[in-house]
Structure formats: structure tokens, C-alpha cells
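*Asks:* Read in numbering that gives the first Met the number 0, the sequence shown has 279 at position 280, and its numbers run on one by one without any break.
For the record, the hints were derived by calculation from the structure and aren't laboratory data. Beta carbons are placed, not taken as given, at the ideal position from N, Cα and C, and that holds for glycine. Please note that the accuracy of each hint is not assured.
To be verified - Label pairs and their calculated CB-CB ranges:
| # | residue 1 | residue 2 | range |
| --- | --- | --- | --- |
| 1 | SER19 | GLU257 | 53 to 61 Å |
| 2 | LEU142 | ARG100 | 16 to 24 Å |
| 3 | GLU407 | ASP207 | 44 to 52 Å |
| 4 | GLY430 | GLU165 | 27 to 35 Å |
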Amino acid sequence: MVVLRRIPRPHALAGYVGESLWLLPSLAVTGGILAASALAVVRGGPALFVSGTDSARQVLATIAGAGITVTGTVFSLSIVVLEMASSQYSPRLLRNFLADRGTQTTLSILLGTVAYCLSLLRTLPPDSDTAAFPQWAVAAAFLLVLMSLAALVYYMHHISQSIRVESILADVEQRTLSTIRDRYSEADTVGVAAMPPVPESAVRVPVDESGFLQAVDLAQMLVVSQHHDLVVRLRPLIGEHVVTGTTLAWLWRLDGGELDGARLTDPLNDLVEVSFERTLQQDVAFGIRQLVDIAIRAISPAVNDPTTAVDAISHLSVLLSALAGREIGPHVLVDASGEVRVALDSCGFADYLAAACDQIRRFGAKEPAVLVALLELLTDAACRARDDERRKAVADHIELVMADAEREIVQPADLDGVAVAAERARRATRGDLLERIAGSGP
């Protein structure tokens, strides 16, 4: 049985917190205020940086003012990066940038320094007695300045690297591979169970919120189903959009007895996460969608960058090859006696393959380099495929690519290059290129 390993709800909350641009800076501001209040009571100390209260007040005011200016610059650069990523690559990448830990850390250090200095200013005594003001607290402000300078230098390097298309593609690939490893087992280690049929006695449970199905807590749903002695079959797939009032799941008893579905509507809805956007928490297709977005924008007439499209296809090849070597099917959980209790359908390999290839093939039909890259993707997927059904799906896409190439490419020399790549891909579907498989893959 393929078992979906749901991220526990505390970790789901941690994921949301980690993707919030405001949380770490807010904690840093709070920490700066508390640290200033604590160090302000420590009077005296060596006059390492200032000679009196007046000079300390002037230094702290200067640090706070400069910190506010630099923080504004960092915010402005971050907004520019978000706008560029949205317009040039894909609007579905914004969540990745908002979750960027480097940006969050830099803002936290800068805002924490500002909050510390402003809070410390409030505690300085009105007289100019050197022994009366908190010299250790002022010395700590200088250390925070050094940290802020280091954070600013790091941020400039980090932001210039993160906006590179190579970094974006690699980040999406790694996030999606992580989701693939969590959702699907390696081939030949488990069996794929069939979805249980819905009997006429089944009770429908409606969705109580519109949005995208982000995740399902199947483990807890198994506990609920055993407690109430019932079977739960969910209707939507992970990543699908659901509408309030439509079917979330069907419930029925194994013995065919009556069931009060209304009493279980709220508990079952509490075990699914529905929101206004898709995430990579359990949604493999969303990672594929992001890479496809980058590819088709790159080959659009407004951008005309087939090299970026080819790079995106190369990263898609890694994902499709990983999927080709794994068991992909319904997620079915059983109780101790082997009875099916919870079932959630899943996209098949052919669905993922179509999601990766169809739009790129249609938009890039006139560009030989893009079609050759697609055929290389199909070659790698065929070499990793473990059954004839998947190889047949790959073979169908090979013929679709060639049909579009023959219709759109006018230059015979360009078409010959595509034909050579297509023939190599066909050989892979027949098992003639198994030497391309290097180890077990991702």
C-alpha cells in the first residue's frame, strides 16, 4: 500500500511560520526591546566607545537613523525581486521568495538593532555622568552595528544569487524532489492498492471551505475511521481546487449499516488543509507547474530565451525520472486486520508527464532546441520507467513532439536534429538505452 506521510499539524504550522516574512523580524524587534531593557539596568563599565551620556545619546540616535534607512533599502530591494520573479518567471514563485531565510534574517538583524537603539535611548539618564549610564549596553549597540554591516553585505550577495534563474530552477527542483520522496515509495518496495468502490449506502461529506486542497492528514483520518468503524474515500486530489458544498469524501460502514455523516463533517474537514494557493507540502504537480511556467515564459515572443526553457526542461527531467522509478498510485491505509479504512486518489505517472510536456511542446513547437530537450526528458523517463504502461505514455509523447515538429519546423536540417533525438527516445522506450540509468536516481 502506498502511504502518504502527512506532515504533522505542528510542523504544518511551523511551515506557515517559516514562510511568513513578518515573524522573524517581529521577534527580533521584541528581542531588541527586551535586551535594551535588561542591559539598561547594568550601570557603569569601561567607556570603550563613548565618553558620556551626551555622546552615547548621539551615537545611538545615529545608529537608529542609519538602521532605518538601510532597512528601507533592503525592503525596497526585496519588493523589486518579488516583482521581477513574478513578471519574468512565474507568479507562483512568490511564496518561495517570501520564505527565503536569508532575507528574513537580514531584516531581523537590522530591525532588531534599530529597536535596541531606540529603546536604549529612552533609558539614558539626563545627566552626563559617565558612570551613571549603561556603558555595556552602548557597547552592545556597537556589536549590533557590526552584525548589521555583515548582514547587509551577505544580503547583497544572497539576493543577487537568488534571483538568478539557475538558482530558482535548482531550488524548485530540490523542493519538489523532497515532496516526491515523502509521497511516493521507491519502486518494487510496496504494492499499489486500488481505490475502493463507493457503495450506494455511502454518505457524502461536503467541503466547508473553497480553495486548493494542500494536504490531508491521512494518519489521523485513519484513527477517526477506526474509532467510528467506517471507510473514508476522499474525492479531490491534492492540489485540486474545491468549492464549498461539493463532495470532500464518501463515508460508509463495512457492515453496510447506517451512518450519521453530518456528525463527521467538521472532524473530517479539520483533517484537510484548504487554502487560496497551492503549496509543495504534498503537491508534486505544483513543483512541475512552477518549472513549466518558467519554460513557457522563456519561449514566449516577449522574452525569446530558449536557453532558459531548455534549462527548465532539464530540471523537469530530474523530477520525471524520479517519478518514473517510484510507485505512484492511490494512497490507501488499512487497519490491523487488513481492511481498507482511508483512501485518497493520486495523479498517475502519465498525468505528471502530460503536465510537464504538453504546454512546453505546444508553445515551443517552432524551436528545435526546446523539442530536443523535451525528447531528452522523455528518453531519461523511459530509461527509468519500470513498467510497459509508463513506457507507452512516454512513447505517445514522443510521437506528439515529432508531429508538432513536422508541422511547425520548416528547415529540414533543424527537423533532422529533432528526428535523431526522437529515434533515440524511441529506442529508450524499447529498453535499448538502459545504460543511461545511473544508479537508483533521486
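*Asks:* Each hint should be assessed against the structure and marked as holding or not.
*Replies:* Hints, one by one, checked against the model:
Against the hinted window of 53 to 61 Å, the Cβ-Cβ separation of SER19 and GLU257 comes to about 45 Å, which falls outside the hint. Range check, LEU142 to ARG100: about 22 Å between beta-carbon atoms, so the 16 to 24 Å window is met. Between GLU407 and ASP207 the CB atoms are about 47 Å apart, so this pair conforms to the stated range of 44 to 52 Å. Taking 27 to 35 Å as the suggested C-beta distance range, the pair GLY430 and GLU165 conforms, at roughly 33 Å.
The structure fails to meet hint 1 from the earlier list, while all remaining hints are met.
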